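Engineer: Residue numbers (our numbering): 157 to 470.
Don't read these hints as lab results, they were simulated from the structure. All figures in this text were calculated on a predicted structure; none of them were measured in a lab. Do not rely on the hints blindly, as some may be mistaken.
Using 25 angstroms as the maximum straight-line C-alpha spacing, the simulated BS3-like pairs for lysine-lysine come out as follows [stated by the list, open to error]: (1) 321 with 377; (2) 377 with 406; (3) 321 with 307; (4) 404 with 377; (5) 404 with 428; (6) 428 with 377; (7) 404 with 279; (8) 279 with 307.
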Amino acid sequence: MIRGQTKKRYYRYVCMMLVMGSIFLEINGCAVEGGYQGQGLSAGEADMAGAEGDVGIKETAGLPEIKITFFDVGKGDAILIETTEHKMMIDTGYDDTAGVFLDSFSEQGITKLDYLVLTHFDKDHVGGADHVLEAVEVGEVLQPEYESDSKQYEEYEETMETLGKTPVLVNETMRMSLDGAEILIYPPQQEAYEEEDNDFSLVVSMIYGEKSFLFAGDCEKERLEELMGQEEFDLSHNVLKVPHHGRKEKNSTEFFAAVSPDVAVITCSEEKPADEEVVEILEGLGTNIYYSTDGTVACFCDGEGLDVETAVYK
Numbered sequence: 157m158i159r160g161q162t163k164k165r166y167y168r169y170v171c172m173m174l175v176m177g178s179i180f181l182e183i184n185g186c187a188v189e190g191g192y193q194g195q196g197l198s199a200g201e202a203d204m205a206g207a208e209g210d211v212g213i214k215e216t217a218g219l220p221e222i223k224i225t226f227f228d229v230g231k232g233d234a235i236l237i238e239t240t241e242h243k244m245m246i247d248t249g250y251d252d253t254a255g256v257f258l259d260s261f262s263e264q265g266i267t268k269l270d271y272l273v274l275t276h277f278d279k280d281h282v283g284g285a286d287h288v289l290e291a292v293e294v295g296e297v298l299q300p301e302y303e304s305d306s307k308q309y310e311e312y313e314e315t316m317e318t319l320g321k322t323p324v325l326v327n328e329t330m331r332m333s334l335d336g337a338e339i340l341i342y343p344p345q346q347e348a349y350e351e352e353d354n355d356f357s358l359v360v361s362m363i364y365g366e367k368s369f370l371f372a373g374d375c376e377k378e379r380l381e382e383l384m385g386q387e388e389f390d391l392s393h394n395v396l397k398v399p400h401h402g403r404k405e406k407n408s409t410e411f412f413a414a415v416s417p418d419v420a421v422i423t424c425s426e427e428k429p430a431d432e433e434v435v436e437i438l439e440g441l442g443t444n445i446y447y448s449t450d451g452t453v454a455c456f457c458d459g460e461g462l463d464v465e466t467a468v469y470k
């Protein structure tokens, strides 16, 4: 009698466990496929919540972490974008500041750049180009279609000729994808500008997952007008490399409002800081501002989150 009751209890227990297991599998399957709707989690977030992942690698929605470095080269631009398999450099600072990033390349074992983008030919943007070309292998060099008579530009041209390289002249919108990072390069739309060199700046937009970055070279009033009037891409971006090292233009307020950045990076120097009006406009928008005067600035992005560090190479 006792043995019979035990069998019945055991049978009921097994049935109950099978039902609970079925319910668990059904719920778990829904969570993986459609996300935890009650908690507002996407499938990618659910995967992150339940997976430990590899040490040192951050992934969100399937995207590995990328790094964008704004080197401290004074009032100049030298920016490195590193995806999982590719590297793109935007501008090269001054002739005498190339060592700042070349030392970093050496420390990290960087021997190749897939792309070198020269936004324009001012000495604080093209000055280190010849040193870069001599120090590491460079895939393609992208530049606007105009010429300059500056010493730094001539040195760059001579080095290109010596190496047998021909630059790609960006005279129409260029798009490329680097390991999930969607990059658009927007060229100047006029043949001449009042502020010739600066307004010829190539503008680079990069979208990675849910985050976006805008590198605005030295754009001044006319070029900013072009950017606000174009329909090639949405001007709103999470991170802005502030144009022309934080110089105030008549339409700066309108431009910053259109971009509405969460983060702004200003490449300036102690001797030539950003205009206070620019700082006030950005602060009024609730933007977090970082300055290269505090040392090299680095952004880390996994397509969903964004971390910013300063004084990376002070």
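Engineer: Now look at each hint and say whether the structure bears it out.
Structural biologist: Each hint, compared with the structure:
1. At most 25 angstroms may separate the alpha-carbon atoms for a hinted pair to count; residue 321 and residue 377 exceed this at roughly 33 angstroms.
2. Our distance criterion of 25 angstroms between C-alpha atoms is met by residue 377 and residue 406, whose separation comes to about 7 angstroms.
3. For the suggested pair residue 321 and residue 307, the alpha carbons sit about 19 angstroms apart, so the restraint of at most 25 angstroms is met.
4. In summary, the hint linking residue 404 to residue 377 is supported, as the alpha carbons are separated by about 9 angstroms, within the 25 angstroms threshold.
5. A threshold of 25 angstroms between alpha carbons decides the hint, and for residue 404 with residue 428 the separation of about 13 angstroms falls inside it, so the pair holds.
6. A C-alpha spacing of about 20 angstroms is found between residue 428 and residue 377, which places the hinted pair at or below 25 angstroms, so the restraint holds.
7. For the suggested pair residue 404 and residue 279, the alpha carbons sit about 20 angstroms apart, so the restraint of at most 25 angstroms is met.
8. Restraint check for residue 279 and residue 307: the C-alpha separation of about 8 angstroms stays at or below 25 angstroms, so the hint holds.
Going down the numbered hints, you'll see the structure goes against just number 1.
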